[in-house]
Amino acid sequence: MRNVAMISALCTVLAPMAHAERGADGQLNILYWQAPSTLNPYLSSGTKDLEPSSLVIEPLAGFDEKGDVFPRLAAEIPSAENGGISADLKTVTWRLKPGLKWSDGTPVTSEDVKFTADYCMNPDGGCAQLGRYEGIDRVEAPDPLTVVIHYAAPRPNPFTAFTGAQSPILQKAQFAGCMGAAASTCTDQNFRPIGTGPFRVTEFRTNDALTLEANPNYRDPAKPAFATVTVKGGGDAAGAATAVLETGEFDYAWNTQVPPDLLKSMEAAGKGRVVTAFGTLVERVEMNLSDPSPDLPETERATIKHPHPILSDERVRRALSMALDRQLLSDVGYGPTGRATCNLVPAPEVFASDNTGCIAQDSEGAMALLDQAGWVPGTDGVREKDGRKLHLLFQTSANPIRQDYQALIKQWWQNIGVSVELKVVEPAVFFGADANSPDTFIRFNADVEMFANNFDGTDPEPYLARYTCDKAPSPDTQWQGENINRYCNAEFDKLLAELGRTSGVQARGAIAKKLNDMLTKDGMVVVPLVDRGRVSAHSNALGGVVMNAWDSELWNAADWVRAR
Amino acid sequence: MAKRVLVLILALMLLGPLLWRIDPGLLDMRARNLGPGLGHPLGTDQLGRDMLARLMAGGRVSLAVGFCASVLAVVLGTGVGVAAGWFRRLDGALMRLVDLFLALPLLPLLLLGVMLFREPLARAIGPAAGAFVLIVGAIGLTSWMQLARVVRAEVMALRGREFIVAARMVGNGSGRLIVRHLLPNIAPQIGVAASLGFASAIMTESALSFLGFGFPPDLPTWGRMLAEGVEQMQLYPARVLLPGGLILLTVLAVNALAQVKVPR
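Order-wise, the sequence lines are chains A and B.
FYI, full-length UniProt numbering numbers position 103 of the first sequence as 103, with every residue one higher than the one before it.
FYI, full-length UniProt numbering numbers position 263 of the second sequence as 263, with every residue one higher than the one before it.
Read the hints as simulated data drawn from the structure, not as lab findings.
Hints should not be assumed to be uniformly reliable.
To be verified - Sample of chain B residues lacking proximity to chain A, with all beta carbon distances greater than 10 Å (derived):
(1) 21
(2) 22
(3) 29
(4) 35
(5) 67
(6) 83
(7) 87
(8) 105
(9) 115
(10) 171
(11) 177
(12) 184
(13) 255
(14) 257
To be verified - If the Cβ cut is set under 10 Å, some of the chain B residues that face chain A in the computed set are:
(15) 25
(16) 26
(17) 32
(18) 46
(19) 119
(20) 120
(21) 166
(22) 168
(23) 172
(24) 214
(25) 215
(26) 216
(27) 218
(28) 232
(29) 234
(30) 235
By construction, the Cβ of each residue, glycine as well, lies at the ideal position given by its N, Cα and C atoms.
Could you put together the complete structure from these sequences and hints?
Here it is as structure tokens:
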């Protein structure tokens, strides 16, 4: 019996090696229920477009499943140690792998890389990924294998340009006529880009289907294992999950976010597996530190002029956090695709604080803390202090899971003597940018509110920079500003400025963790609840899938094999 | 038959909570997603709330909204229709007003209403009562126009009839004529319109709650329960079938009742 197990384990390990030959595994079927509309990521910021295009065109470096940078077209990752990053953090030098070829057989050179930057940074182009090239002064190509990027100011984290599926390298010869305003008129180029990836386009029907075949010039002669790929669009998340998990029509389905019970019952059919990767999307409760009372004049309501009469006390905020059972919230709302968290920055590992103190619910402790803060139970069970009731208005957007969360949180807070009024706002209004609407999450005319947010890429600096004093929304800024809590702490601002001067992932991680703790564990300004993962499904007949939240989900499709 | 069904539903919603005393808002996380059983005759929902208690509480709200909104629409529609049909001088102006209201889209109007009045109303009479006034007002104010047109046409047809002319010749004033002779003759039409309005008000309320314009989320209504159940329909069909079936039964019963009243 033991031998059988040994042999079968051995077979599983050896199986991929047994047919390590390009195109040996036949056809691969992928389902993107939101169908790709273009294969040029510089003209679309949609995940549905980025990910299929990552099968065809590649950046210099990508992010692996842990969020670490690894070389794709580059020979190695630039660092201060290997001389790739200059001492003043203003120059980054990349070196290409020698002998790389485009799928049409022509050589890949540093001119292509330089062209890509010029293409996206062209002022007439309206490049969707311009943010990745921010701060670049100029790009030079001193020899065919070397690219030098000059930044206008020190750039502690240079891994945005040419890194990740959002900024792949385009072929200069193909796109030379597509600069600036002509970009979106180059239909043939945008629909059939020539790339260096494991596959090349055979047919693309926009918003419907994409067919690919193995790239004969791919740099690893043994890959990819699949000869042809179809990426099909259409349907919805539940239909996509069914197609992989229950009927087995497809090998891989992207974004199968359906209620946890449903996903579990589908997986029980035994045809496939659900895969999850946790990025930085965190569902959280945000505390308002300014007074949202409607008695105040419209120009002063919810501004830093008036501190919140209840929530300015850190002990009250802490008690509210202690009363929550985050594990239960995660189970109810997201099942296997969520996990309880106390961090605003839950990942990548180097930036995530080891802060788990909030996970265990402690209603007794919360009540003791409220007693200590002077809020004592009144005759109706609601706590009061100096004649004011401990009453909170709790708003969020209309969404079935958020309404379940509201009901749960209301009950827990009532148990510790807090009276809660719930409010639901239509999502388009709540997340809308209309400065005149009183119901947006930025105006924050409520005591606490709940939503989810994440940050792009792997470095949390711009994300943490939202909480500086000068970013608090007010009438003077036309109610723009990302510091919706109206948090203001000189120490925080100082530490953030230090982060902007620090390079090296470890050192940056240490500072980012401190900043995260100031907002969460120490300050209780942001009360994180659940870390929400990306979820997809693949059939049991597909091997080699490694889910990735930092780059395209199809990042390692060259390594995918038919599991027999 | 229709009457019996309606009475049964009303009795269940109004008297049921006196017998079945579980709090519809009570969450019991150890009893989530239960099927029908002794403790919970209709099972529990995804947060362990008792379905029977929620259906009864939700039914009260939905029926109250339907009733109040249709009464408001009937009063407005009949008033405008009679005035336009009886007094020739008012006809043009009132009918243009009807056209104006018919052109108003309900949703943007509600968005505006919620923005302007939700907070003052909630402060004056509490969040749930404030939302009730807002929703009933919004539905009532945007659904009286068809009735006004029907009533106007009926009044115009009646005003030339012999019995009206005769009643006027013996010296009856307009007010008395309208109340004693006109309204009783157009009552069936009003009844049908009211029942249709009742049904559509329940549906509109559910749409509004679904979009987040309606009641606070902790107040169950049939419409909200239906909307929340849709996602879990495959696993727990009862969450959709129960509130949906009750809406269907109520609407059918009310419509059937109105049909009976129309003289054949």
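Here's how the hints hold up against the structure:
no., hint, in the structure
1, 21, "holds (18 Å)"
2, 22, "holds (15 Å)"
3, 29, "violated (6 Å)"
4, 35, "holds (14 Å)"
5, 67, "holds (24 Å)"
6, 83, "holds (37 Å)"
7, 87, "holds (42 Å)"
8, 105, "holds (15 Å)"
9, 115, "violated (7 Å)"
10, 171, "holds (57 Å)"
11, 177, "holds (48 Å)"
12, 184, "holds (45 Å)"
13, 255, "holds (30 Å)"
14, 257, "holds (34 Å)"
15, 25, "holds (7 Å)"
16, 26, "holds (8 Å)"
17, 32, "holds (8 Å)"
18, 46, "holds (6 Å)"
19, 119, "holds (6 Å)"
20, 120, "holds (8 Å)"
21, 166, "violated (57 Å)"
22, 168, "violated (53 Å)"
23, 172, "violated (52 Å)"
24, 214, "holds (8 Å)"
25, 215, "holds (9 Å)"
26, 216, "holds (5 Å)"
27, 218, "holds (5 Å)"
28, 232, "holds (6 Å)"
29, 234, "holds (6 Å)"
30, 235, "holds (5 Å)"
When held up to the earlier numbered hints, the structure conflicts with 3, 9, 21, 22, 23 and fits the remainder.
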